[in-house]
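Peer 1: Chains as they are written, first to last, in the numbering used here: chain S, 1 to 987; chain Z, 1 to 238.
Hints were generated in silico from the structure; no laboratory data involved.
From a predicted model like this one, the values you see are computed outputs, not experimental measurements.
Be a bit skeptical, because a hint or two may be false.
Once the Cα atoms are required to be at most 25 Å apart in a straight line, the calculated SDA-like pairs of lysine to any residue come out as [as the list claims (entries may be wrong)]:
| no. | chain 1 | residue 1 | chain 2 | residue 2 |
| --- | --- | --- | --- | --- |
| 1 | S | LYS975 | Z | LEU82 |
| 2 | S | LYS193 | S | TYR168 |
| 3 | Z | LYS161 | S | ARG515 |
One side of the interface only, derived from the structure: several residues of chain S facing chain Z at Cβ under 8 Å [unchecked claim]:
| no. | residue |
| --- | --- |
| 4 | ALA522 |
| 5 | TYR523 |
| 6 | ALA524 |
| 7 | GLN528 |
| 8 | MET888 |
| 9 | SER891 |
From the three backbone atoms N, C-alpha and C, an ideal C-beta is built for every residue, glycine too.
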Amino acid sequence: MVRFIIQKLLNKKWLILSILIGNILLIGIACCNPMYTKAALRKLLTKRMNNYLEENNKYPGLITIDAKLSNKQVSTKHSKYFESYLNVADKAEEMFGLKAMEKVTFLENNIEQDAKFSTVRSGQGSLKLKIASLSDMDEHVEFVAGTMYSKTPDADGTIECIINEKVYLSEQIIIGETVELYGYEDKNGNPLKLRVTGVFRAKDVADPYWVQEPLSFDQEFFIDQEIYKDQFLTPGNIEGSIHGLWYLLFDYEKIEPEDVPQMLDVFKKLDEDNKTSECLYAVYCNYDEIFEQFQTDASKVNATMWILQVPVLVLLAVFIFMVSNQVIDVEQGEIAMLKSRGVSRLQLILAYLTQSGILGAIALVIGIPLGILLCQLFGSTNAFLEFVSRKSMSVQISGEALLYAGISCLAGILIMTLPVLKYARFSIVEQKTHKRKRTKPLWQVMFLDFALLALALYGYYDFNNQKNELMKAIAKGEAVNPMLFFSASLFILSCAIVFLRVIPRLSSLIFRIGRKHWKPAAYASFLQIQRDMHKQSFITVFLVLTIALGIFNANIARTVNQNEEERIRYTDAADIVVKENWVSNLDSVRKGGNSGSATKVTYREPDYTRYEDMQEKYSDKVAAMTRVIQEKDSSVLYGSNTVENVQLMAINTYDFGNSAWMPEITKEESSYDKVKRFFKNLVKFNFSEMFKSSDKEAEVYHHWYEDLNALARNPEGAVISRNLAEKCDAKIGGSITIERFNELHQSIGRKTLTVSAIVDYWPGYENLKEVKGEKGRMETVSNYLLVCNYDNLLLDYSITPYEIWIKTTGSTDFFYEWAEEENISFKSFKDMRGDLLGLKNDPYFQITNGMLTLTFIVVLVLCAIGFLIFWITSIRSRELIFGIYRAMGMSMGELIRMLVNEHFFGSLLPILFGAGVGILASKMFLPLIQIAYSPKIETLPAKIVMLGSDLAKIAVVVSIMLAVCITVISVLLSKIKINQALKLGED
Amino acid sequence: MKEILRTDTVTRSFPVAGGNFLALKGISVVVPEDTLTILKGRSGSGKTTLLNIIGALDAPTSGTVIFDGKDISKASDKERELLRRHEIGYIFQSVALIPVMNAYENVEYALRLADYKGDYRERVMECLKLVGLSKRATHMPQELSGGEQQRVAIARAIAHKPKIIFADEPTGELDSATSLQVIAIFKELIEKEGITFVMTTHDTKLMGYGDVVYEIQDGEIINTEYHGKGEKLHEQAK
């Protein structure tokens, strides 16, 4: 049987190859999901941890256990308790199931001790100190003076110790000096003596071992940890209490995303243990916030991956089904013959199952490596249809990936075998009778297509009504509701199916119009389209689906990317925004008051001419440059009220206009609102209003330069944000008073200005901001804006630190070089290109871009293959008919014209319709989908971006596809020898 | 009575592995007007090849084919197409109807192709009536039996009033009763419409109905028989 199957496979190599491609892609895409998600999440986690390290200068994988132990506790609960105290860190490590990279134990006597120097000295004779020990100290210190302590006490019981530079200096200790402690006795009953042997510092400041900086110990005398335990940590012999700190440092780069939930659990458990434990300890960890945030992000990334992937998987399934159906259609006669020779239905199905199994197995072998390749491809996606070479991601084949591959392989096998069930029922006689029956498909009879369309539209309607809830959910960090994507896909699908009803009717309409005048070729093709449409329905739906989905996905990618990029540009406001460290008398003012010297903060302006020189030197690279005073916490006074959170900007209007980045802002009514208004007016019989644009849209777009000009015209003028205008009821021409504060939040005076413009958007201005509220929770509050003239502001105030905004013509590298040359240190530095690059590396966006790019390519490939297969097999199966046409005197040209006409209805119309549906779906659903990608604070109105270049790409592929198809068909046709074609009839 | 078709030492060779296969080895036949000429022979004898050549579907390797006084052996594709459109009709062995057209439309299609000048409807119905299927005009091919389909094919072949109709094994898939019916229709059409029929068959029972019967074997005419009208013509020729 296997030989028979293999023979069968080879006979239809092209069809089989296509099915194989379909299956390979199915498996590859399915198994790349878990692999990519994992790799991307690992990257995300490491990145988050790195950010934490950079921002807080603290090691992110740190668990701190803090516990105190007193004599009382140990004597009552004796050794068990004592043991658990000593081993608390090991126990925790065990619970985490992860080997700590570094384990540091810090033990010290909680109470400071009085001690005196044994030697006579010029300075003070006594001091206060704490005896402490750190594990493995010798590996992490180096000596400024002296040497390491010894690990055993001297014969007379004196213990060697080391101190840091701070203690060394403040107590003026000489190396080799001995101190005697009053409160402790050594083993011999003499007062405990410590001899200082060295002054240490950290061997490597960046060493994570130094959770507590070496210089933070200002009283500690460190002795060997074993001696310490021996001396102080024996049950019943504890003086005061012992303070223990255990630091578990996990190598955060080795923490896998799947460890996250467990690590959080263990942390919570330790924390709970703490409540029940008598040994009062506290557990802190650095990563819980990172981890919790990561978990929300991970579920979002996961959901997004799925949402974007499902349409492709469905499309692939449809494709496999379609081609398998085609294969079985060709084999119909064979199947019927086998049936009539007594092959049972089961045997037949088994034969096909074996065939599918062979194909599935081959696909599995190729599909899994393809999955890995796809993951790497995703990792190098830069934007939609853009790839860069980037450090490839560490992708591993996981059990999960294999599981996905296996499931998709099985699904593929089932889909491939499905079509045979239909034919396996009939013998050769029944097959002939079956052929005669031609009924409308069930879904058409039951109007399922319209039902689906209605469902999709309801989804659209519903989501539009819940838009606000949707935004809130997204702001909370939830993933987008999959139903939204489902509605969009359903809309496209149902449009495609409804279209099936349209084509024959449209063709019949055109046919009827010129019934008498059609040339024989056109006549035959019209009848072909109208009466044989059911054979084509699948490819028609497929074409509409692929084209529409391709366009829709391209538009999602473009929209999401561009909106986010614009947001970054808008909030960064210029290519480079820097602020230098300004020298000021801030410290003395802060301490002051009593000295009475300075109460006003004054600054020394750094040399601005350096920047001007730079602008001249790099005149080809600097397009514009300006100074901007920006303060986030000014207030506006109105009546007896105060508006806080006013962002003050003082600008030089002309230079600002040239340097700042501002997107073109258009207010367009959403298509949903348009349609809603249309129907509202329709119901009211208000026909004249139906197509008019709304007031919102009628609002004439004005360039922001007009606002700048208004400000420039009035030196005392101010541009204020709409929310500020509403809050204090300000009108253009009215006055507004601003109060500024210095860095110590002391008022530095008020100034009254005239409102010259009210704006919704301004470079670098967001109308909401997140602040840390009570309990450390982030809260969103209104952010207001007031922009005034730079020179005018300086009339009333002394100079305050300003930012320098630079617009560059291209790369910003020159600026880094220049800043290094000039040795300028910046207090803040924003590089728009760097931030944009960060976006490209964001896994959420990477997945979106990668997945959508992949979908787009797969769609085009499938579309081309499916299309060619359909037409070639369709031509093959019609060879006899073509022979008849030819015998009846039709020329080759007429035959081709006939096929071109068929293509018009069977291919071109679906393609055009698909494009229309894709654009329509984008207009309808993109404003909703965009929400899923918008940041917590929506700064700019989201735009729907459709690029002609994407349409052009599709158009090019489709044209090539059509051209190839027509060529192949022509070649096939010309090869058909009429006599041979007709002989087919003899079989 | 004149002849409508004549071949003179027609040969036809096909390229095969290791040389050429000579399917026709110099055949000379004459088809008299308004007769039923039968090409008889087993499969592989070359009868269909000959039919294709005299039916302007294929060109001979050498020799001449004179149809209605014109040499068509060197005709261009275009000329052949026009000939097939206007002056020639075909009937094939198996289902040779256009599946997306009903009986009426199938017949009408021949008229469209030939750019028939008269009233389509009248002519189509006339032809369908001639084959006894006027009541089944709106039936689709798959709704008709094998014999009915063949009769529609005949109606289609004669619709545009060709001078000659070539039929390749027209009874090959029919039972003997239906076969005889088909031959009877041929005979009737020769009388009523003045059409010449050339058909191939291997059914020996039908030989008696042919006015002229050429027996072909290995690409050569090995025997010629004359019956009825043919006999008379043959004698006249002598």
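Peer 1: Output the indices of the hints that this structure fails to meet, ascending.
Peer 2: Hint 4 is the one this structure does not satisfy, whereas the remaining hints hold.
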